[in-house]
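Turn these sequences into a full structure, and let the hints steer you where they fit.
Residue numbers (mature numbering (1 follows the signal peptide of the UniProt record, and there is no 0)): -27 to -1, 1 to 423.
Some clues are possibly wrong.
Stated by the list, open to error - The list that follows gives simulated cross-link-like pairs (lysine to aspartate or glutamate, EDC-like), each with its CA atoms no further than 20 Å apart:
(1) K143 <-> D14
(2) K143 <-> D282
(3) K143 <-> D170
(4) K143 <-> D328
(5) K143 <-> E105
(6) K143 <-> D172
(7) K143 <-> E352
Hints listed in this document are in silico derivations from the structure and should not be mistaken for laboratory results.
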Amino acid sequence: MTNPLFSRRLALLGGAGLLAAPAIARAQGAAPAQPPGQVIDINRARTDPIPIALPNLAGGQLGQNITQVIANNLRNSGLFRVVNNAAYIQSADAAAGAPRFQDWRVVGAQALVTGRAEPQGDRARIEFRLWEVNSEQQLQGTAYTAAAANWRQIAHVISDVIYERMLGEKGYFDTRIVYVAESGPRDRRNRRLAIMDQDGENHRFLTDGRVQALSPRFHPNARQIAFMSYADNNPRVFLFNLDSGRQEALGNFQGMTLSPRFSPDGRSVVLSSARGGDANIYVVDLASRRERQLTSGGGLDVSPCYSPDGSQIVFNSDRGGDQQLYVMDANGGGARRISFGNGRYATPVWSPRGDLIAFTRMGGGRFAIGVMRPDGSGERILSEGWSMEGPSFAPNGRVLTFYRESQARDSRGGGYSSRLSMIDIAGFNERQVVTPTDASDPNWSPLLSS
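Okay, here's the thing in structure tokens:
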């Protein structure tokens, strides 16, 4: 049996407090993408969002539904301003045939999306074109075929294409978020795994709540999740297969195992294991289930996360007497401290771009979400509050999701609530993500259609 006081200490240190990707095919004969026009700098778009016209894709309700999802995605990014459709002069059907560019310049649109959505039984064919209005140049022309039920994913894929063609960087809309759904009093919380699209749609619970579940993390193929389970009152790492719904323990290792993350190649899991009075970092090969110890000595080493190239691991530890961030080589050597600000640091996660590490900082009775370079320089706080934790990067490294707690009493008389938020890495455009229950510890998937 794990010592409850030791478990609590680990929890405070390590966490500061069945769907496969649907098949989407690009139709043969789709118009090829044209060379991009002038790519707009993201820093400029943050202060001056790109005005884009999005008339409903022709073809009826399906086209309207897809267009609405695209509009919401682009608007929520904070980098696009969707021109009010009440100002449109040319009809959607006419624009799908041949845009009259002077009509779109008049309403101030810099970019224009046209196209058509055609149901074909239980399938659908969706074509769209992205235009640069001033130059009257087509930037993209593509058609997709997929099961009609997957129309939302098609909308996310189109949103990603628009984002990339206009801004020169990959989008992040065709993704999912797995998180811990919470309910009940604060001292008796029920915690189960849940998954949803990044915009909060297609929500479903993965576990039933009979066993506490924490810290879910996606596999690089987005079809498997590693998480910490309290099954049989024995805290340890489990694997969850999203295709089959099957759960299995990663291994029957000595002591409590927690804070798992997959390696970038998906062949192993790095985690923390508590044995005796210490917690050290281990890597477990998924094929053989053999473990290899990476750290040793006094203190609690938890929350490991690989760099995108797999050569380094960031983690937090109290080995120096206070809770700080460290980076070491992937073989466990060369550990060096990188956090030196005021307060304690936890939950580090490496950006998919490799340029930043996000973290939770605690001090002075407040929490903060911030980023720093992998050498510890350039620390910036993005958001502060009473309690917030658990950052996770979108696959393009431009947006973070995390969870924020509030002391405000809710309609059920609860003493606090916990909600997911998103924020740009520049610290702007923070917004809440709506979930059916309280929510914590989100993790962002890779792109599903990549």
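Checklist entry - Which hint numbers doesn't this structure obey? => result 7
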